[in-house]
Amino acid sequence: MTEKAARLMADRLAGMGQIQGEDVELYALGIEVILSSAVTAAAVMILGIFLRNWKGALAFLLCFMHIRNYSGGYHASTRGRCFFTSIGCYMGSLLLSGWIAAQTGPFRIAAAFLSLGASLWIFYRMAPVENKNKRLSGNWKQKNRSRTFWSLGFWAAVAGIFAVTDRCLSEQIIAVILIIALLLLNVRRDNHEES
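Here the sequence shown is numbered in the working numbering, starting from 328 and rising by one per residue.
One or more of the hints may lead you astray.
Estimated spans, in silico, between C-beta atoms of each pair [said to hold, decoys possible]: (1) 466 with 381: 14 to 24 Å; (2) 491 with 345: 26 to 36 Å; (3) 332 with 392: 19 to 29 Å; (4) 344 with 403: 19 to 29 Å; (5) 379 with 403: 35 to 45 Å; (6) 385 with 477: 18 to 28 Å.
These are calculated hints, taken from the structure and not from any lab test.
Yeah, the Cβ is synthetic: ideal placement off N, Cα and C, and Gly gets one too.
Let's have the full structure, built from the sequences with the hints guiding it.
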């Protein structure tokens, strides 16, 4: 669906003289990425509203997109798989944050720190992870590694602030970081199996 809409938009831009004919395919791909990302984000937000977790859905989207932009990880082979993987990641973050929240007293704090600590260890060992759908040059790997840890530090600080004001949101952010770490492990496993 997004592919057809993107192609129509690119053809329209070419027909209006806004882009050159040889650039139509490139523009169509760019528009398709934007449209599919918007559809996925809208679906996560609608699901979050339906589950009475709109703040968590928003935190998921912002944290997930920000860290994944630099850390790499699993990239689905089709837009449909990407959509369902993203929805699955959101639902997984809800389950993980619910598990942390279900712990009592010091066990809740320990569960949060254990989840965050395990995530940071995985990022330290693996980030950034490339896969066959997204390759990185040596220079970009180093830049993305640094940016990954800056973004992780930012989101860990945000989670720390929310630990005082909104524990559920804090736990949601920690769960998102863990989900991204698990996606890194998945790609590493897939890359190892291919070689």
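Status of each hint after checking the structure:
1. 466 with 381: 14 to 24 Å: The hinted range 14 to 24 Å is violated for residue 466 and residue 381, with Cβ atoms some 39 Å apart.
2. 491 with 345: 26 to 36 Å: With Cβ atoms ~50 Å apart, the hint is violated.
3. 332 with 392: 19 to 29 Å: holds, 21 Å
4. 344 with 403: 19 to 29 Å: violated, 35 Å
5. 379 with 403: 35 to 45 Å: violated, 28 Å
6. 385 with 477: 18 to 28 Å: Since the Cβ atoms of residue 385 and residue 477 sit about 21 Å apart, the hinted range of 18 to 28 Å holds.
In the structure shown, a violation is registered for the earlier hints numbered 1, 2, 4, 5, in ascending order.
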